[in-house]
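Since the structure of chain A is provided, determine the placement of chain B on it from the hints.
Quick mapping for you: the protein sequence lines, in order, are chains A and B. Counted the way the numbering used here counts, the first sequence spans residues 1 to 270. Counted the way the numbering used here counts, the second sequence spans residues 1001 to 1259.
Heads up, a few of these hints could be off.
[Stated by the list, open to error] Here are some chain A residues pointing at chain B (derived, C-beta under 7 Å):
1) R26
2) Q28
3) L96
4) Y169
5) K264
[What the hints assert, rightly or not] Quick list of in silico lysine-lysine cross-link-like pairs, DSBU-like style, CA-CA up to 35 Å:
6) K1154(B) <-> K1067(B)
7) K10(A) <-> K1021(B)
8) K1243(B) <-> K264(A)
It should be emphasised that the hints constitute simulated quantities derived from the structure, not laboratory data. In this text, all values refer to a predicted model and were calculated from it rather than measured experimentally. Idealized CB from N, CA, C, for every residue including glycine.
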Amino acid sequence: MGIPLVLNRKNRILLKELTKTDFKLRYQGSVLGYLWALLRPLLMFAILYIVFAKLLKIGSDIPHYSVYLLCGTAMWSFFTECASQGIQAIVNRGDLLRKISFPKYIVVVSATLTAVINMLINLAVIVIFALINGVTPTWSWLLVFIPLIGLYLLALGIAFLLGSINVKYRDITSIWDVLTQALFYAVPIIYPIALVAESSATAAKVILLNPISQCIQDIRYFLITNETITTWNYINNKFIAIIPVLIIIVLLVIGALIFRKKSKFFAEEV
Amino acid sequence: MKREIGSRTEIYDDISDIAIKVSGLHKSFKLPTEQAFGLKQAFFNRLRGIKGYTEQKVLKGLDFEVKKGEFIGIVGRNGSGKSTLLKILAGIYYPEKGNITVNGNLVPFIELGVGFNPELTGRENVYMNGALLGFSNEEMDQMYDDIWDFAELKDFQDQKLKNYSSGMQVRLAFSIAIRARGDILLLDEVLAVGDAAFQKKCATYFESLKEKKQTVILVTHSMENVRKFCTRAMLIDDGHIIKSGDPKEIAEAYTNLWA
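Looking at chain A on its own, in the form it has when it is part of the complex:
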């Protein structure tokens, strides 16, 4: 029972239908419905923009700072939504697991795919904002999918790893909530990394070794301005600069292995 890259017909149908249901249920019973997928990051952006850009006057030297900030908050929302939905997927779908037999990772993947759909909608909004803001479209926009996939795989790896532990120890959900709060400040979303680099180059480098920072900075680099400081152009030693990518791969492999081992008992333990 491995994790095959190509799903058979039955599992494909199941994945599609579960994702559709998850997406529908997310906004069930709200007046604005799917619009919330757009509104949430926009509102979060508005708050941060007022507080940080207008009141604290941070980031005035970054070109297109508002889009830069919007891009950061939207990608952060994508990552946290992906990871937390993925972590809880097995417990949330416990009734299904106890009654039919199917590869359990389908449940995790379908939960994260809802976040992917939301992210794609947000990406369209970011592009529109960027154009309004005077960002010139370039071919490098297409490269944005590379760090996006990196960010998704990171969230998926975390979801597999923590999701399998969460079945038995529900504390994981709460721990992860606190951890994401802390991580938010460890990633250059509301503050420009240049601000950190001014006072300590080492601190900036450490921040950039976090795979979330690496992905988000790369997305900004490809999408908004090549003045963005990224892991690649700030850390000269390529063996060190590759660390964030290695973290993503290692987490995904370990997560998948542990998930595969534990998934046999999910139906009994959930």
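Chain B alone, transformed into the frame defined by chain A:
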């Protein structure tokens, strides 16, 4: 904490007349003694040297075969291990010891309406439930009208499921379930519910399964159904098969459990 695992193999052998073969099947569950969920409790339990669970042996060595075309009834009192057996056959639980071979495509009904969501409409739930049975959207489109006609609920298809009565939900679920096609059907007390009209429909469905020589494993408490539909029956008690054979004799033995 290493756990032993038995094996469950799926094969597709048209020539063999065996549908399911079970040998030396054991299963036990670790039941948490007190609230053993949570890291704190796990930590303290380890500290005090408490296991935090008791082991309950549910199946204690089962051996049997099901031939293709048999309609097997499994009977026994509550907690005797019937449902656990069914879930292991279905691949939901892992066998702890022993080997299981399933020959052909197996469709389990541990419960009717798996995945039904009260917040979704009848229509959405039909497609969802169909997907769990392995039907694509296109296949469901074709069956869609038949499902609602059979359930006699056509006017409710765009209502949310939470506005259905429980009887209506069961009717809808049953109407989808009978579309399932598999070499082996596992049915767990699916028919314990519903009114007289519904029971009649179930009986007709069973009759058709028996005529088609469909391989069925039915877990039930209804000795009437065992006598009427089963070609063979097994009585399970305390994790053992204590009797297997003619449905009439088994039904009698079941009744005598309390004598």
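Unmet hints by their number, sorted upward, for this structure: Numbers 1 and 6, in rising order.
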